[in-house]
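Visitor: Chain by chain, the residues:
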Amino acid sequence: MKTCIACGMPMKNAEDYPGGDTSLDYCVHCARPDGSMQSYDEKAASMAAFIVRTQGLDEGVALATAKEMMAKLPAWS
Amino acid sequence: MLGPTTTRADKKQATRAALISAAMRVYELDGIAAARTADVAAAADVAHGTVFVHFPSREALFVAAIEDFGGKLASRLHELAADGAHVREVLEAHLRGLAEHEGFYSRLAIEAPLLPREARQSLLSIQSAISFHIAEAAERDEAASLIKPIPTYLLFNTWIGLVHYYLANRDLFAPDGSVIERCGAELIEHFMSLIVPCPNQKEETS
Numbered sequence: 001m002k003t004c005i006a007c008g009m010p011m012k013n014a015e016d017y018p019g020g021d022t023s024l025d026y027c028v029h030c031a032r033p034d035g036s037m038q039s040y041d042e043k044a045a046s047m048a049a050f051i052v053r054t055q056g057l058d059e060g061v062a063l064a065t066a067k068e069m070m071a072k073l074p075a076w077s
Numbered sequence: 078m079l080g081p082t083t084t085r086a087d088k089k090q091a092t093r094a095a096l097i098s099a100a101m102r103v104y105e106l107d108g109i110a111a112a113r114t115a116d117v118a119a120a121a122d123v124a125h126g127t128v129f130v131h132f133p134s135r136e137a138l139f140v141a142a143i144e145d146f147g148g149k150l151a152s153r154l155h156e157l158a159a160d161g162a163h164v165r166e167v168l169e170a171h172l173r174g175l176a177e178h179e180g181f182y183s184r185l186a187i188e189a190p191l192l193p194r195e196a197r198q199s200l201l202s203i204q205s206a207i208s209f210h211i212a213e214a215a216e217r218d219e220a221a222s223l224i225k226p227i228p229t230y231l232l233f234n235t236w237i238g239l240v241h242y243y244l245a246n247r248d249l250f251a252p253d254g255s256v257i258e259r260c261g262a263e264l265i266e267h268f269m270s271l272i273v274p275c276p277n278q279k280e281e282t283s
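Those sequence lines, one after another, are chains A and B.
Residue numbering for the first sequence follows our numbering, beginning at 1 and increasing consecutively.
Residue numbering for the second sequence follows our numbering, beginning at 78 and increasing consecutively.
Don't read these hints as lab results, they were simulated from the structure.
C-beta: ideal position from N, C-alpha, C; glycine also.
Where hints are given, some of them may not hold.
[Claimed, not checked] Distance windows between CB atoms, simulated:
id	chain 1	residue 1	chain 2	residue 2	range
1	B	F129	A	G19	22 to 30 Å
2	A	S46	B	G148	21 to 29 Å
3	B	K225	A	K12	49 to 57 Å
4	A	A49	B	H241	19 to 27 Å
5	B	E258	A	K12	23 to 31 Å
6	A	A49	B	N246	28 to 36 Å
7	B	G108	A	G35	45 to 53 Å
[As the list claims (entries may be wrong)] Straight-line alpha carbon distances no greater than 20 Å define the calculated SDA-like cross-link-like pairs of lysine to any residue that follow:
id	chain 1	residue 1	chain 2	residue 2
8	A	K12	B	R217
9	B	K89	B	F129
10	A	K72	B	K149
11	A	K12	B	M269
12	A	K67	B	F129
13	A	K2	B	G148
14	A	K12	B	H131
15	A	K12	B	P133
16	A	K72	B	A212
17	A	K12	B	K89
18	A	K72	B	H178
19	A	K12	A	Y40
20	B	K149	A	D41
21	A	K2	B	E156
22	B	K149	A	M1
23	B	K149	A	G19
24	A	K72	B	G161
25	A	K12	B	L200
26	B	K149	A	L73
27	A	K2	B	K149
28	A	K2	B	R217
29	A	K67	B	H155
30	B	K149	A	P10
31	A	K72	B	R217
32	A	K12	B	R194
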């Protein structure tokens with residue numbers, strides 16, 4: 001099972017990949033509508049928004065947290 | 078047993094894993110902030126200096142232990158929380174994953190606010206993986222009117238608050254063993270009773 005290079009999510013099924021393309025190394029949550037991988041800033045913003053929505057952290061703290069998480073992932077390190 | 082093709086890198090990796098495993102045992106007994114690297118080395122049956130061959134500092138060792146635990150918990154949760162799982166099933170999977178290293182995680186829950194920033198960030202990464210699964214399940218269950226509409230962060234924080242309180246006080250709730258084993262099912266039942274709509278509400282929303 002592959003792990004998304006951009007957010008670390010395990011990719012178990014075809015629906016975890018953009019357009020079901022299992023040859024890609026990033027997941028559906030890290031793709032733009034056209035299927036290409038989000039930029040660093042786009043990913044940091046979407047990850048921070050996810051942290052705010054699911055854990056309720058302050059927006060600035062969430063963005064810093066997102067960037068620190070991303071620093072450990074292959075796509076951004 | 079290590080085979081003839083075992084490389085120096087394999088041995089190094091095995092020693093690193095043994096040190097992390099030993100550190101988790103020592104943290105469980107002594108606490109993360111108070112644990113001594115000499116005790117970790119003794120528990121892993123290596124020389125004290127070996128710890129610093131693998132980890133540049135005491136802090137680097139506990140960050141590595143937290144990340145190792147977090148990676149295993151996330152994979153376990155991904156395995157256990159099957160596709161299309163309901164909130165109850167994700168909570169059960171979460172507790173099963175935590176139970177595998179209950180002592181270590183309890184220390185982490187107690188000491189997190191006092192640990193260096195990098196260690197706290199590692200805990201936040203763990204919580205993000207858990208909240209991802211809870212959020213996905215909650216979205217499905219809310220759409221099917223199986224749970225009340227509740228902001229995801231309050232749903233997650235209420236659950237984590239409940240679990241952490243029991244883990245932080247495990248000596249009071251389960252002095253002779255696992256607090257998850259003893260109280261886990263009751264905590265899930267209680268939490269579900271808070272988020273499931275009462276019968277009248279369910280009829281109104283359906």
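Visitor: Any of the earlier hints contradicted here, and which numbers?
Guide: Result: hints 1, 3, 11, 12, 14, 15, 16, 17, 18, 19, 20, 23, 24, 25, 28, 29, 31 and 32 break, sorted rising.
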